[in-house]
Amino acid sequence: MQPIYKIEANGVDVTKQLNSETSEITFNDEAGIVSDEITLRVEGLHKRPKRDDELKLWLGTKKTSLFYCGLFKVSRTPVSYGEENFLHITATAVDFSKNLKVKRSQTFEKCSIKQVCQIIATRHGLTLKSDFDEIFILHLEQTMESDLHFLKRISQEYNALFSIKNNTLIFVKRVKEGQKSNDLPRFYLSKTDINNIRIEPTNKTSYNSCKAVWRDIKSNSQKSLIVGDGEPIYMLRDAFESESDARAKAEAALQKANSGTKEGSIKCDGFEIYAGAILVLNGTLEDDDEYHIKRVDHIVNKSGWHITIKIEN
Numbered sequence: 035m036q037p038i039y040k041i042e043a044n045g046v047d048v049t050k051q052l053n054s055e056t057s058e059i060t061f062n063d064e065a066g067i068v069s070d071e072i073t074l075r076v077e078g079l080h081k082r083p084k085r086d087d088e089l090k091l092w093l094g095t096k097k098t099s100l101f102y103c104g105l106f107k108v109s110r111t112p113v114s115y116g117e118e119n120f121l122h123i124t125a126t127a128v129d130f131s132k133n134l135k136v137k138r139s140q141t142f143e144k145c146s147i148k149q150v151c152q153i154i155a156t157r158h159g160l161t162l163k164s165d166f167d168e169i170f171i172l173h174l175e176q177t178m179e180s181d182l183h184f185l186k187r188i189s190q191e192y193n194a195l196f197s198i199k200n201n202t203l204i205f206v207k208r209v210k211e212g213q214k215s216n217d218l219p220r221f222y223l224s225k226t227d228i229n230n231i232r233i234e235p236t237n238k239t240s241y242n243s244c245k246a247v248w249r250d251i252k253s254n255s256q257k258s259l260i261v262g263d264g265e266p267i268y269m270l271r272d273a274f275e276s277e278s279d280a281r282a283k284a285e286a287a288l289q290k291a292n293s294g295t296k297e298g299s300i301k302c303d304g305f306e307i308y309a310g311a312i313l314v315l316n317g318t319l320e321d322d323d324e325y326h327i328k329r330v331d332h333i334v335n336k337s338g339w340h341i342t343i344k345i346e347n
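Position one of the sequence shown corresponds to residue 35 (this note's numbering), numbered consecutively onward.
Any given hint could be a false lead.
[As the list claims (entries may be wrong)] Straight-line alpha carbon distances no greater than 25 Å define the calculated DSS-like cross-link-like pairs of lysine-lysine that follow: (1) K163 <-> K290; (2) K40 <-> K90; (3) K144 <-> K252; (4) K210 <-> K245; (5) K301 <-> K336; (6) K290 <-> K344; (7) K90 <-> K344; (8) K135 <-> K148; (9) K336 <-> K96; (10) K328 <-> K296; (11) K296 <-> K344; (12) K336 <-> K214; (13) K186 <-> K144; (14) K344 <-> K238; (15) K107 <-> K40; (16) K290 <-> K245; (17) K257 <-> K245; (18) K97 <-> K210.
[What the hints assert, rightly or not] Label-pair restraints from in silico Cβ distances: (19) H122 <-> S99: 14 to 20 Å; (20) S99 <-> G317: 24 to 30 Å; (21) E277 <-> T49: 56 to 62 Å; (22) K163 <-> G212: 20 to 26 Å; (23) S337 <-> N316: 23 to 29 Å; (24) V247 <-> R220: 35 to 41 Å; (25) H340 <-> S99: 17 to 23 Å.
Rather than coming from a laboratory, the hints here were simulated on the basis of the structure. Using N, Cα and C, we set each Cβ at its ideal position, and we do this for glycine too.
Using the sequences plus the hints, can you model the full thing?
Here it is as structure tokens:
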């Protein structure tokens, strides 16, 4: 299947100039807060683009429409000289601006996690996608902590998928009602569609329940609750602000403890697929399942469009 692509540089379509000269395009798509990145390897002698020049990339095939990979800013431009000359252009997703990494202090009180995310998204001119509107906090401190680190910390406490892509702050549940969230996009692959696949158990302990333990300051007594049923029990000790807070974090901790019991890598022909989504795999002997997509590496060159998908259950 012959790949096609489109590239804009500072709003100008430069695809025709690159089609005959670009030796390779790579697009690394990350599920978390690591910045997405593209690299162009252009054959011949070319003037370097300026640092922070903006690039937009679309990928597709002649039988499918192009899909938008994102907006990136040029970060590195090494040149290789020899029998063949190459300009290497690396550009990083623009969403991770300096302002997101500025340390700040703020107090959030009597609001939902979604409202916290909305305040931060608005501060940075980002659209918000979140389903944490029913989980409330009484008091939450951000003390000399960047918005990026603050949201990452909260996402770990509540087992949320947190990323910033294409001017959208994404903070959504990985698991809903005991299953991977239906709000996450799903992509389907059969063993017959795959060039190479490797799935490996990680030998993590699987837990049937989680016990949250904390000291109630008002009554000066130790309290606990259990989510799930049976042993083994995952122990969670923290300074919870309420029983509902303890329950929400215990449920998230149990989900997180039971994730990643299998991980793998899939290599196949390129198609539209996103890190942070769900991959539904079928046709294997015992590894058919729904997996979280941790990373997708796209490579487009003279031999076609190929991808490597990193997954975990």
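Q: Note whether the CB distance of E277 and T49 lies within 56 to 62 Å or breaks it.
A: 58 Å, holds
Q | Restraint check for K301 with K336, where alpha carbons must lie at most 25 Å apart | A | Judged against 25 Å, a Cα distance of about 17 Å means the pair holds.
Q.
A range of 20 to 26 Å was offered for this pair. Does it hold for the Cβ distance of K163 and G212?
A. Holds - the Cβ-Cβ distance for K163 and G212, about 22 Å, lies within 20 to 26 Å.
(Q) Please check whether V247 and R220 have a Cβ separation lying inside 35 to 41 Å. (A) 37 Å, holds
Q) CA of K107 to CA of K40, is that 25 Å or under? A) 16 Å, holds
(Q) Need the status of pair K97, K210: alpha-carbon distance at most 25 Å? (A) Status violated; Cα separation ~35 Å.
Q: Return holds or violated for the Cβ distance of H122 and S99 against the range 14 to 20 Å.
A: Between H122 and S99, where Cβ atoms are some 29 Å apart, the hint is violated.
Q) Per the hint of 24 to 30 Å, is the separation of the Cβ atoms of S99 and G317 within bounds? A) 27 Å, holds
Q.
With the threshold set at 25 Å, check whether the alpha-carbon distance from K210 to K245 stays at or below it.
A. Holds, at roughly 20 Å.
Q.
Next pair to validate is K336 with K96; report whether the Cα-Cα distance is within 25 Å.
A. 15 Å, holds
Q. In this structure, is the beta-carbon distance linking S337 and N316 contained in 23 to 29 Å?
A. 27 Å, holds
(Q) Check whether the Cα positions of K186 and K144 lie no farther apart than 25 Å. (A) 20 Å, holds
Of the numbered hints listed earlier, those contradicted by the structure are 12, 18, 19.
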